[in-house]
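Protein chains: 2
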Amino acid sequence: MKKLINDPADVLADALKGLAKAHPELDVDHEHRVIYRSEPKDQGKVALLSGGGSGHEPLHGGFVGLGMLDAACAGEMFTSPTPDQVVAATKAADRGAGVLHIVKNYTGDVMNFEMAAEIAAAESGVEVATVVVADDVAVQDSLYTAGRRGVGLTVLMEKIVGAAAEEGRDLAAVTALAEKLNERGRSMGMALTSCTVPAAGKPTFDLPEDEIEMGVGIHGEPGRKRVPLAPASEIATQLVEPILADRDFTGEPVIVMLNGMGGTPLSELHLMYGEVAELLEQAGVEVARTLVGDYITSLDMAGCSVTLLAADDEILRLWDAPVRTPGLRWLA
Amino acid sequence: MKKLINDPADVLADALKGLAKAHPELDVDHEHRVIYRSEPKDQGKVALLSGGGSGHEPLHGGFVGLGMLDAACAGEMFTSPTPDQVVAATKAADRGAGVLHIVKNYTGDVMNFEMAAEIAAAESGVEVATVVVADDVAVQDSLYTAGRRGVGLTVLMEKIVGAAAEEGRDLAAVTALAEKLNERGRSMGMALTSCTVPAAGKPTFDLPEDEIEMGVGIHGEPGRKRVPLAPASEIATQLVEPILADRDFTGEPVIVMLNGMGGTPLSELHLMYGEVAELLEQAGVEVARTLVGDYITSLDMAGCSVTLLAADDEILRLWDAPVRTPGLRWLA
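Quick note, the sequences are listed as chains A and B, same order.
The first sequence lines up with residues 1 to 332 when you count with full-length UniProt numbering.
The second sequence lines up with residues 1 to 332 when you count with full-length UniProt numbering.
Okay, chain A solo, but in the shape it has when bound (with noise of 0.2 Å):
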């Protein structure tokens, strides 16, 4: 295994630590591993949060910031993050007008966050309503789901819900929203090659040299099947086609996010997306924002995923509100 990290007991603490200093706009609660925005805190407005296994970076502390979350929770690598993490998160975030936690579909955090919730509302009186996020396409159940597992769209959600929270929008209306985006998101994704978690020490799973993984997790759990390696094109189509095959895309504007799962170079994602837009445009589906990039990832993995949401106009318009976070920002 070779990695830059110290002891690899250690690589959390330390990865925080050095969020920390690169980012002086976030506040890291080092005890709890829980991010913050470190701005003054305007009472009133409904809080967001999220979190889960670390490894996935820059989701979910790269995404706290004006626009996007109010905390995250940074639990082990693709460990989920205790009930204590999330209880001090949520009472922290609160400002008054309850917490939406934004929770990816996995058993471990599903279970925590509900726990935590339960804790919260006891301890400090805190409203939370949670949303989870169930888009992959990939397989019903799974290696660490009951259902769908949540993946691609927790990062176009949690923009989303951001921008409405950052309008003033009430606890019930932002939760109505998030459901919202819940139904109208699809995620696939496919692996090149394992990731390797530091403290195992060895890749989590074999993939020979001739084939690929379709429909993988973003914890290297297996996918729908072992496919021989393909030609970009092709492997496009095997992402694409169960994506529409699960959901009609046409007749509304679509938010589309090809995204890297760590180890795979830029120049690769955009020649993806290249056939990704090519076959939406064969399907008649009318892509109306993009988003190409390393954002949900698997450590080192290499491989893609692709995220189809089905937009209108209101969604549209909180896609293009301002944000300010390390992994993701844009002017007005």
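Among the clues, some could well be false.
Copies of the same chain look alike in the list, so a pair counts if it works inside one copy or between any two.
Said to hold, decoys possible - Capping the alpha-carbon separation at 16 Å, the derived lysine to aspartate or glutamate pairs in EDC-like fashion look like this: (1) Lys41 <-> Asp206; (2) Lys17 <-> Asp27; (3) Lys17 <-> Glu278; (4) Lys45 <-> Glu166; (5) Lys91 <-> Asp29; (6) Lys2 <-> Asp141; (7) Lys2 <-> Asp210; (8) Lys17 <-> Glu31.
It should be emphasised that the hints constitute simulated quantities derived from the structure, not laboratory data.
As the structure is a prediction and not an experimental result, all values here were calculated from the model.
Start from chain A and add chain B according to the hints.
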């Protein structure tokens, strides 16, 4: 070789096709492989043109846009752009106030940009000035370079000089600023693994599982020495010490870039930045601004580089100016 590509001979053309689709705010001349800003051109603004071999994305095409480059020439992977590419870009980018060529110090790049400057001047009377970036302290001469190689400082220079050009400074002033930055910037990089050029189909160099290459070039060319794999804290020391030995960075605010080579997870880059920040603190260097992420890469190479730029009030102000490119963007 496992890559998201079609025919290895078409990688660059296919990637530019995807880049154009993903970024409608850019114009791509596919014949000459030049990326332009598509906004209406103001007459009288000095145009900034850079370019070089591909495989270092987002450099340079991803830095075309408001507040940075006006155009970028994309050579084949790790191969200098041809003079006719640079001539076409120089003529098209000119707004009547001349063009600054920002060239990384590699023999082929320097030669082809120089030839193109002469042709463009002779054919169309375009006034061209050139800055040759040479910031890599690792080696004096290298496989492809007489003198120091041009690496990470190029990113910072394109940002800062881009802001100055946006303010309406003339070609002489913009060139003088670029030269000033050249004197004030230093870099050093390292590789955990090789990279693989698609057309070659195999790793550029062999690096045993227990060794790393200190001072590696961005094309995988040899650095200072191979050393045993070490903890991040020691690797940080081996990157920072040669930089500080080469120039005194105390007494002025410093911009620091911790850059990923393409295959390294963001969590490791943050971890490395934490180590680098601590060393700089111990050395009495005042960090004023920080940039952590993949900005000048070497395809799928795992590794990182450190760039320090001694700033002043003017440089910091230009650094903070708005920028809107695919690879770098922030609010004012």
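Can you name, in rising order, the numbers of the hints this structure does not satisfy?
1 and 6
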